[in-house]
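Engineer: Just so you know, the protein sequences line up as chains A and B, in that order. Each residue of the first sequence is one higher than the last, beginning at 1 in the numbering used here. Each residue of the second sequence is one higher than the last, beginning at 175 in the numbering used here.
Honestly, the hints are just simulated from the structure, not real lab data. There could be a bad hint or two in this list.
[Stated by the list, open to error] Have a look at the derived ranges for each label pair, beta carbon to beta carbon:
id, chain 1, residue 1, chain 2, residue 2, range
1, A, Ile16, B, Ser240, 51 to 61 Å
2, B, Leu184, A, Thr106, 35 to 45 Å
3, B, Gly182, A, Ala88, 34 to 44 Å
4, B, Ala224, A, Val159, 17 to 27 Å
5, A, Asp2, B, Gly221, 42 to 52 Å
6, A, Val155, B, Pro228, 14 to 24 Å
For glycine and all other residues, C-beta sits at the position ideal for the given N, C-alpha and C.
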Amino acid sequence: MDSLLEIVRRPWPWWIVGPLVGLVPAALLLLGNRMFGVSSNLRHACAILAPRSAAFFDYDWRGSAWNLAFAGGILAGGFVGGVLLAGAEPVVLVPPELFSWSSLATPQGLIVLVGGGFLVGFGTAWAGGCTSGHGLTGIADLQLPSLLALVAFFVGGIVTTWWIVPLLLPGGGS
Amino acid sequence: MTTARRTGLLAYFVVGLVFGTVLTKGEIVSWFRINEMFRFAGHHMFGVFALAIPVAIVSVQWLKRSHTRTLEGEPVRLEPKTMGSGIRYAAGGALFGAGWALTGACPGPLFALVGAGAGGGVMLVAIAAALLGTWTYGVLRPRLPH
Chain A
1 MDSLLEIVRR PWPWWIVGPL VGLVPAALLL LGNRMFGVSS NLRHACAILA PRSAAFFDYD
61 WRGSAWNLAF AGGILAGGFV GGVLLAGAEP VVLVPPELFS WSSLATPQGL IVLVGGGFLV
121 GFGTAWAGGC TSGHGLTGIA DLQLPSLLAL VAFFVGGIVT TWWIVPLLLP GGGS
Chain B
175 MTTARRTGLL AYFVVGLVFG TVLTKGEIVS WFRINEMFRF AGHHMFGVFA LAIPVAIVSV
235 QWLKRSHTRT LEGEPVRLEP KTMGSGIRYA AGGALFGAGW ALTGACPGPL FALVGAGAGG
295 GVMLVAIAAA LLGTWTYGVL RPRLPH
């Protein structure tokens, strides 16, 4: 018999992960009427670092300290899931040829890390949310704008994956 | 204002901790899983969404309709979103989708990947670039359609 710890250290199946992720919006509402949305933290960080640079960042971010604590928890959870509970055969999470400090010296690495990161920050701010804020919270609240945003996420992602990623990673990474 | 006690930051940290652990062990933070999803080459991420979305709808709608109160004693309430022209959702959403396909990470997984030490910590560069992207939006916001 495998011990419980051995089972937990294996990759978790989608039918365990899906329901757990789906409960997060309700958990944050129950704790204090908080809207689950991770990308807001990028705006809060800008409000901390450069509050006077634009009207968009000129507000009291302390009202959203809960969300920064939540993001800190996600980071700690990455350590728990990726390091403390790592299995005997570690799961490779990113293609090493694109995701390393030395890859930053290559056009491909710059496009993926800096270009991709920039688009995540710019796009989520313009759309007013990301996979959590629109894809889960907004959809759970039956908001039509969030459905439009979720469809647009997939249009942008599919186009990029089929026509741009193959140029950057000829092996497809898989 | 309510006199009920405010939920402490530690509670939100703990929910984030559980969420981050689930994202990582569930491989939602994996570049390969996101690539596979956008290529329709595997069912893992679609299985996650197919269960997460109905669970989120049922749990949130139940909280709203049963007049459940939060731990702080207030009625459960969500701010509605305004459609406007819809351009912000279509264009901003598509740009984010492109970034999601390139980095293999949406904002939650970006933080989890730093904690997991992926790429020797190079995901910090992606977060810094995301901050620059959000800041650029904030500066250009008055000139962008919404």
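Engineer: Take the C-beta atom of leucine 184/B and the C-beta atom of threonine 106/A, compute their distance, and say whether it sits inside 35 to 45 Å.
Structural biologist: holds, 42 Å
Engineer: Is it true that valine 155/A and proline 228/B lie within 14 to 24 Å of each other by Cβ?
Structural biologist: Between valine 155/A and proline 228/B, where Cβ atoms are some 23 Å apart, the hint holds.
Engineer: If I claimed the Cβ atoms of glycine 182/B and alanine 88/A lie 34 to 44 Å apart, would that claim hold in this structure?
Structural biologist: The hinted range 34 to 44 Å holds for glycine 182/B and alanine 88/A, with Cβ atoms some 37 Å apart.
Engineer: Is the hinted range of 42 to 52 Å satisfied by the C-beta distance from aspartate 2/A to glycine 221/B?
Structural biologist: violated, 23 Å
Engineer: Quick one: are alanine 224/B and valine 159/A within 17 to 27 Å, going by C-beta?
Structural biologist: holds, 23 Å
Engineer: Could you tell me whether the CB distance from isoleucine 16/A to serine 240/B stays inside 51 to 61 Å?
Structural biologist: Once the Cβ atoms are compared, 26 Å apart, the range 51 to 61 Å for serine 240/B and isoleucine 16/A is violated.
Of the numbered hints stated above, those contradicted by the structure are hints 1, 5, listed in ascending order.
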